[in-house]
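Going down the list, the protein sequences come from chains W, L, S and F. Each residue of the first sequence is one higher than the one before, starting from 0 at the first, in numbering that gives the first Met the number 0. Each residue of the second sequence is one higher than the one before, starting from 0 at the first, in numbering that gives the first Met the number 0. Each residue of the third sequence is one higher than the one before, starting from 0 at the first, in numbering that gives the first Met the number 0. Each residue of the fourth sequence is one higher than the one before, starting from 0 at the first, in numbering that gives the first Met the number 0.
Among the hints, a few may not be true.
Reference excerpt, derived from the structure (chain S facing chain W, CB under 8 Å, subset only) [as the list claims (entries may be wrong)]: (1) Ser242; (2) Thr302; (3) Ser303.
Mimicking EDC-like on lysine to aspartate or glutamate, the simulated pairs with C-alpha atoms at most 20 Å apart in a straight line are [unchecked claim]: (4) L:Lys318 with L:Asp335; (5) L:Lys276 with W:Glu11; (6) L:Lys138 with S:Asp143; (7) L:Lys456 with S:Glu17; (8) L:Lys824 with W:Asp30; (9) W:Lys29 with L:Glu644; (10) L:Lys276 with W:Glu9; (11) S:Lys385 with S:Asp33; (12) W:Lys29 with L:Asp826; (13) W:Lys29 with L:Asp615; (14) L:Lys830 with W:Asp30; (15) S:Lys268 with L:Asp23; (16) L:Lys558 with L:Glu543; (17) S:Lys153 with L:Glu157; (18) L:Lys138 with S:Asp288; (19) S:Lys352 with W:Asp37; (20) L:Lys571 with F:Asp155; (21) L:Lys558 with L:Asp774; (22) L:Lys318 with L:Asp391.
Worth flagging that the hints you see were computed from the coordinates, not collected in a lab. For each residue, glycine too, the CB sits at the ideal point set by N, CA and C.
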Amino acid sequence: MLLIRCPYCETERPELEFRYGGEALLERPKDPALVSDDAWTAYLWTCKNPKGPHAERWRHVHGCGRFFNAARNTVSDLIVSTWRVDDSPPANFDGGGA
Amino acid sequence: MTQPFRLPSGGRIDRARVLRFSFDGRAFEGHPGDSLASALLANGVHLVGRSFKYHRPRGIVSAGSEEPNALVTIDRGAGRMTPNLRATQIELYDGLVATSQNRWPSLEFDIGAIGQFASRLIPAGFYYKTFLWPPRAWKHLYEPLIRRAAGLGKAPGEPDPDTYAHQFAHCDVLVVGGGPAGLQAALAAAAQAESVILCDEQPEPGGSALHDPARASELSDLLAKLRALSHVRILQRTTAFGMFAQNFVALAQRLSDHIEPSAASGPRERLWQVRAKRIVLATGAIERPLVFPGNDLPGVMLAEAARIYANRFCALPGKRIVIATSADSAYEAAGDLRRAGAEIVAIVDAREGRPIADDFNVIAGAIIDTKGRARIEGCTVQLADGSTLPVDCDVLLMSGGWTPNASLLSQARGALRFEPILQTFVPDVLPPGISCVGACAGDLRPQGDASRPIHPKAFVDFQNDVTSADIALAVREGFRSIEHIKRYTTNGMATDQGKTSNLNAMMIAAAERSVAPQDIGATTFRPPYTPVTFGTFAGASRGELFEPVRRLPSHQWAKAHGGVFEDAGQWKRVSCFARPAETMRDCVNREVLTVRKKVGVFDASSLGKIELAGPDAVDFLNRIYINDFSALAIGRCRYALMLHESGVVLDDGIVARLAEDRFHITTTSGGIGHVLQHMEDFLQTEYTDLRVWLTDVTEQWATFAIQGPLAGNIVQSLLPDAGLSQASLPHMSLRELVWNGSDLRLMRASFTGEAGFEINVPSVQGAALWDTLVDAAERLDGCAYGLEALNVLRAEKGYIIVGQETDGSVTADDLGYGKMVGARKGDFVGKRSLSLPHLAAKGRKQLVGLLPLQLAQTFEEGAQITQAPHPASGTHALGHVTTAFWSATLDRFIALALLEDGRARIGQTLHVPMPAGAIAVQVTSPVFFDPDGSRLRG
Amino acid sequence: MQRFSFLQLLRQSFRNHEGWEPQWRAASPKAAYDVVIVGGGGHGLATAYYLASEHGLRNIAVVEKGWIGGGNTGRNTTIVRSNYLFEESEALFEHSMKLWEGLSQALNYNVMYSPRGVLVLAHNTTDAQVIRRHVHANRLAGIDNEWMTPEQAKDFCPILDISRNVRYPIVGASLQRRGGTARHDAVAWGYARAASALGVDIIENCEVTAIRRDAGGGVQGLETTRGEIATRKIGLVTAGHTSVVAAMAGLRLPMESYPLQALVSEPVKPVMPCVVMSNSIHAYMSQSDKGELVIGAGTDAYTSYSQRGALHVAQHTLDALCELFPIVRRLRMLRSWGGIVDVTPDRSPIIGKSPVEGLFLNCGWGTGGFKATPGSGHLFAHTLAKNEAHPIVAPFGLDRFRTGALVDESTAAAVAH
Amino acid sequence: MVEISRGRAAVQMQAASGRFVFRGGRDAALACGRGFGLALPAPPLWSSDIGDRAALWLGPDEWLLIANEAGTLRVLRDALAGMAHALVDVSSRDCLFDICGPDAALLLNAAIPLDLSEQGFPIGACTRTVFAKAGATLWRREREIFQLSVARSHGDYAQRLLDEALRSMPEP
Ligand SMILES: Cc1cc2nc3c(=O)[nH]c(=O)nc-3n(C[C@H](O)[C@H](O)[C@H](O)COP(=O)(O)OP(=O)(O)OC[C@H]3O[C@@H](n4cnc5c(N)ncnc54)[C@H](O)[C@@H]3O)c2cc1C
Ligand SMILES: NC(=O)c1ccc[n+]([C@@H]2O[C@H](COP(=O)([O-])OP(=O)(O)OC[C@H]3O[C@@H](n4cnc5c(N)ncnc54)[C@H](O)[C@@H]3O)[C@@H](O)[C@H]2O)c1
Ligand SMILES: Cc1cc2nc3c(=O)[nH]c(=O)nc-3n(C[C@H](O)[C@H](O)[C@H](O)COP(=O)(O)O)c2cc1C
Ligand SMILES: [Zn+2]
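Let the hints inform the model, and build the full structure from the sequences given.
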């Protein structure tokens, strides 16, 4: 069970309090009506799914209820850092490769 | 004489008390402090089990949890039968009943042992190569035969009456292993004011010091110090079995199996889930058997085990002992056993530079054969010059050296390295926060290599009957990776997980492949370290504690009034309120007709409810639902649909405007969780500019529907001063009122097609209001109705249920709700996907009604729809039935269905193929009753 | 290929089993192949076998980064069934089922396909509706699947507790009698042996590290830990690692990799005659021929390549099983492990061409692809050989995510394995 | 009030009390605190209280206000007039338990995975968390008194589980 630091509660809590929210830093098209089917479905469905560093979303659902972002290594599962949705990712974080 | 092999003094048993026990029906005696294994040895019993495949006689090999052979079933009374327990770990209590396993009719005479004679025919992997013809024989002949031979002990036949517990714990330091190294580490940490949990799988802490008389006082000293500290918790009979990310460790504590059943109380086992800042592994080392022909005979055991039996349990394994070794530690065992009264016939040392031990008959050589059937009687030693020497003995001890017990370290992804001097793997790379101490760290006495002849009867994995020849065979057949060798031979896959066999298998494979041991590597260690009871994982979770039971405010009333309950998620809901002598169907029909003709009340409290507030609430709703809320007046409500971004229907509900900036929203009963998650997701990460807040008020409000032509009368009598009229509270509007001193939210809304209301009161008032409503209804010849009736009522009107009419592929338009999409508003969640080719395509499945052409015919939900009455196998289905009911109102069977191009097919005749024959149906509009909705307005 | 038979076993037993040959050649990579299959799991090996046996291709390699069958093929709960809901899936899995039925003989390797029946339990009205819908759809498709009352289910599987006073009573079940299990390792080894005998190079310890493409973007070759390999056609069959390898060709897929756990109990005498699955309670269990209960747990909540799962996931499965089968409460977990499954948004596989010329995909089998091994290999071989999707796999192309024509078995069925 | 106890821990079920969820930005929080007569705590997972009135931090823009006086809601609404916020009466929503005694934390740790030592969860700390299979709110009111609340329909579950945990508590 992972130990995850919630950047809003400013404390580490067991994974049981959280819900995983998938890849982070995705940009929903400003006006979806203007983008092509390709671009829209790429936004909807494709994932980086990298082996290594991954920027991802979690929600402290049994806690403060906030969504936040985390950088986790998907090989070791270790969470390197977490940050609030309106903060920027830590410097030198590569966001999950190709 | 009882206990002929019991030593007269010393050790850690309490000779003053005698415990009686039975093994395979024979009565024996032992003492407190004994394990079942030690008590059997004290009674001269060595034959305790049969091996898995060849049913060879097997004895006790070790004194600990690494035991591969001595597996027994313990019977503690009804439902309390446990198979596959290790005799070496079972603590003796008065009246203990143990039986041996995997033999028939008896341990001494086991028919299965003929397997031994066929053993040539059934080497590793034989089953992959045969049983191929005739093809059907595998299912009907061979596999049933193989299965009959499968397994070790029997599974219990009755439910387990015992309870299990869970405990979370945090500490600065978790020490695993209570030997000298672990105790020292615990004390050192405690001295730094660190909180410590120390666990040891044995009945008492002490580890190897328990059988080292020289360390007895040091041990009691250490323990006294530790026990005096309040920030140290010592858990005995507690196995650390799983290491998980970030120093999260699972421990299994055995609480009552060591107590006689009549005296045991409380939980049987407890799962500790410990989060430690630091972990110290002090798990000791495991002695390695030697691989020689006949090494599996009862009476052949590990050298240190014999020493433990003699020193700690005061049970002498035998009187004439031969020791085969490649490690110095065996000489200590030899000394202690001799002091205990045994004759050390010879020490056979395989190493070249073996230690000088003048006082023993040390022979340079190796064992190449043993003598005896159910117990060793002698062995053959091959000397350095190749000559052989027969030696008689009643016990043969072996020591191939020690291997740090690093399973937990490996589980935690630490790395091991092969240490040539010790001829074994030792910890190398430690994960952060984890350290090893003592024997586990590789702090071992000198030891060396022992030769391993390849011989069909030289056993490597004692439990699974894997021989050195099997490993050689696997290599010959092209299985090079140690993981392949493991799987082909099953070496290390038995209940001991290869604690005593993995290293030998690896060394043999390395030799066969002519590569260095480190290039072969080890197989993966996995949890659990030793087997853990399923009940321990489950803990208290059973029955209502397995999954919470959520009850509606009307639950007690329903129970007293014929309520037939059904599960819907965690909720107990009422299907119908059956009256005496009423069938389900009669009951549902009565409830339906009562609602249509009079009035009914329904407990809808499980509906999800959200209070939405904030200046941008309308904007938010417009982006989350397909509807346009801009024009929704205060006090008015709207039925609304919500889509997934992929365009399919996610949930539905009613949105009611309480104030300019406040809304009361309902969701489906099962939907509230994911709807809230969905809304919060968009609110927090997409529409971050909106000032809106969501509060889950599902459980704040009890919700009751009052439906039927007389619904207004009930509401009127309940709220006489509210001045309710069709004009002041029209269909789909809401009013906040006060009842009985509490807030009340009254909505005029209907899911039945009748004029009706939904009343919300704070849930503490729920039961009281329910009673009042039912009372009022009954006075008007109305009744309470359940889910079944509701389903009929809504189906008659063609109203959908999300999850029944929708299945994750259905859009609003498919349901006929395309018109709800706000034409003038901008983007909303899911909108873009609606124009993807497949979602915008013609001919999609659409919601329609179906009526069987012959009135008496019925079919069921999920039935398929075809053009032809007798479709050939593989015919394309045009759709399927989503809802199918007897409609009491229409006095006929009706159904809703999703049908390809359904709206265009209205009027057509299609078929529903049922096992007993196809049923012709007419496609109709999904609204069967009161299509223009005149009844809604009362 | 040395034939396997009882007689051969007998003959070899007189020669101390000295005469057995390696089951597959330990091949080293050649400079070039007509087709390279990346991934030596069951699907990859089956693909190679059918390419050789049915399409006559001989210059083929399977490259495997570790040992063959060491991926999900070697770590799954081996449930085989074909009672899927949608016509597209029915066709795919039934195709596979038919191949299972004669596989041991076709490969001359006993894969222990054991059609002991797969029982799917319904615990409430919704379950019953969903399961019945399957039964009806399957019947129309000619796939065996029948609805059973609780009593009939208990007759078939006596250790079920069908009393009404348990937390989730059993209200009915469906049974596919032809469903069952097969021996996971044997499937990989059997295909490897048969493929190797037809000339396929099976190259272990050979990890693909890059995909080389020509100026037009088409596939040119592979870089591996054992050197470069030239080829114009790659079949990517790497299950949990598909995204990683696809990224080497600049491809991003609708796919996430999750750890899925399984566990076994200590072996006991037979108590479970069939496979039992319960989707509401999230548990499934069968008993192997050796006696251990084989139990599937859930996936972890987050993507990961760590091949292990969290304790609370296994815990959830075990409390469910103890609830369903109260007699197993005293049995003990012997070993638990994880595999990495590649999950698509609609929980259906992706099979067919990719946008990269020469790169073909066979992935996204998620938590349920073992049962598809023979069929997947068979149809993928056709697709590779003919450069065109076999009609049965055509609906499973990558394109469906762009058009919206998903085959969403998960939401329709809530059946995962 | 129903009480069950064993040795060094006891569980008391409490009657429903006045509880309100307040959500809003900083200004609204200040105004709310003024109206409530008790400043809303700013540090995460922290509470403030006076008499039987308390404010619990549950999220960066979310507080649980506890007060039994009638009319609290009206007072607060007035104090917040004109400001963007949400104020919702949830007095009926939860089931409340007081867990008391020297081993209260040990008891709770049968179902709550948090570090409930005095360092890990000091007096005044509050949080939402999980209680085995239910969501819960936990508040340490005094050294040996925790208040646990779960959704009303999970009340039975919580009570049964606490009861079973009491009967199977480890040695302190
Ligand atoms: C715990 C668990 C239980 C399951 N239960 C069932 C079940 O009951 N029924 C069912 O039908 N399915 C089940 N599945 C799913 C099933 O196991 C898989 O869908 C199936 O085995 C996939 O087979 P494969 O050959 O595609 O993949 P794999 O067997 O995983 O083979 C892929 C291979 O690719 C190799 N590879 C990866 N990257 C590279 C690279 N860069 N270079 C070279 N090689 C590479 C890997 O090492 C691996 O050997 C389960 C899965 C798990 C994990
Ligand atoms: N050949 C050798 O050199 C050799 C071998 C073994 C022991 N020793 C002696 O033992 C001493 C080392 O003591 P030590 O403390 O390292 O080892 P130890 O064997 O004394 O203690 C290890 C303890 O860990 C427990 N344990 C192991 N795995 C466990 C688990 N998963 N969960 C809970 N408990 C577990 C065991 O029951 C045992 O009590 C040395 O002083 C040495 O004299 C020497
Ligand atoms: C169907 C099946 C049955 C298994 N039975 C056993 C078993 O009886 N004993 C055992 O030790 N492992 C058993 N395993 C697990 C393997 O030992 C191993 O854990 C699994 O293949 C994953 O590999 P890994 O643990 O080396 O990563 C079984 C695996 C499967 C898929
Ligand atoms: Zn938080």
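A quick look at each hint next to the structure:
The closest approach between the C-beta of serine 242 (chain S) and any C-beta of chain W is roughly 4 Å, which is under the 8 Å cut-off, so the hint is satisfied. Checking threonine 302 (chain S) against chain W: minimum C-beta separation of about 6 Å stays under 8 Å; hint holds. Against a cut-off of 8 Å between C-beta atoms, the interface hint on serine 303 (chain S) holds, since the closest Cβ of chain W lies about 5 Å away. At most 20 Å may separate the alpha-carbon atoms for a hinted pair to count; lysine 318 (chain L) and aspartate 335 (chain L) meet this at roughly 13 Å.
For the suggested pair lysine 276 (chain L) and glutamate 11 (chain W), the alpha carbons sit about 13 Å apart, so the restraint of at most 20 Å is met. Taking the CA atoms of lysine 138 (chain L) and aspartate 143 (chain S), the gap is near 18 Å; set against the 20 Å cutoff, the hint holds. With a C-alpha separation of about 16 Å, the suggested pair lysine 456 (chain L) and glutamate 17 (chain S) falls inside the 20 Å cut-off, and the hint holds. Taking the CA atoms of lysine 824 (chain L) and aspartate 30 (chain W), the gap is about 13 Å. The hint holds against a cut of 20 Å.
At roughly 14 Å between alpha-carbon atoms, lysine 29 (chain W) and glutamate 644 (chain L) fall within 20 Å of each other, so this suggested pair holds. Restraint check: the Cα-Cα separation between lysine 276 (chain L) and glutamate 9 (chain W) comes to about 18 Å, which is no more than 20 Å; the hinted pair holds. This hinted pair checks out: lysine 385 (chain S) and aspartate 33 (chain S) have alpha carbons roughly 13 Å apart, not beyond 20 Å. Of the supplied pair hints, the one linking lysine 29 (chain W) and aspartate 826 (chain L) holds, its CA atoms being roughly 10 Å apart against a limit of 20 Å.
The hinted pair formed by lysine 29 (chain W) and aspartate 615 (chain L) meets the criterion: a straight-line CA distance of about 19 Å does not exceed 20 Å. Restraint check for lysine 830 (chain L) and aspartate 30 (chain W): the C-alpha separation of about 11 Å stays at or below 20 Å, so the hint holds. A C-alpha spacing of about 18 Å is found between lysine 268 (chain S) and aspartate 23 (chain L), which places the hinted pair at or below 20 Å, so the restraint holds. With a C-alpha separation of about 17 Å, the suggested pair lysine 558 (chain L) and glutamate 543 (chain L) falls inside the 20 Å cut-off, and the hint holds.
For the hint linking lysine 153 (chain S) to glutamate 157 (chain L), the alpha-carbon distance of about 15 Å falls within 20 Å, and the restraint holds. Taken as a hint, the lysine 138 (chain L) and aspartate 288 (chain S) pair is honoured in the structure, with Cα atoms around 12 Å apart against an allowance of 20 Å. Of the pairs offered as hints, the one joining lysine 352 (chain S) and aspartate 37 (chain W) holds, with about 17 Å between alpha carbons and a cut-off of 20 Å not exceeded. Only pairs whose Cα atoms come within 20 Å are accepted, and lysine 571 (chain L) paired with aspartate 155 (chain F) is accepted, the gap being roughly 13 Å.
The straight-line distance between the Cα atoms of lysine 558 (chain L) and aspartate 774 (chain L) is roughly 16 Å, inside the 20 Å bound, and the hint therefore holds. With a C-alpha separation of about 11 Å, the suggested pair lysine 318 (chain L) and aspartate 391 (chain L) falls inside the 20 Å cut-off, and the hint holds.
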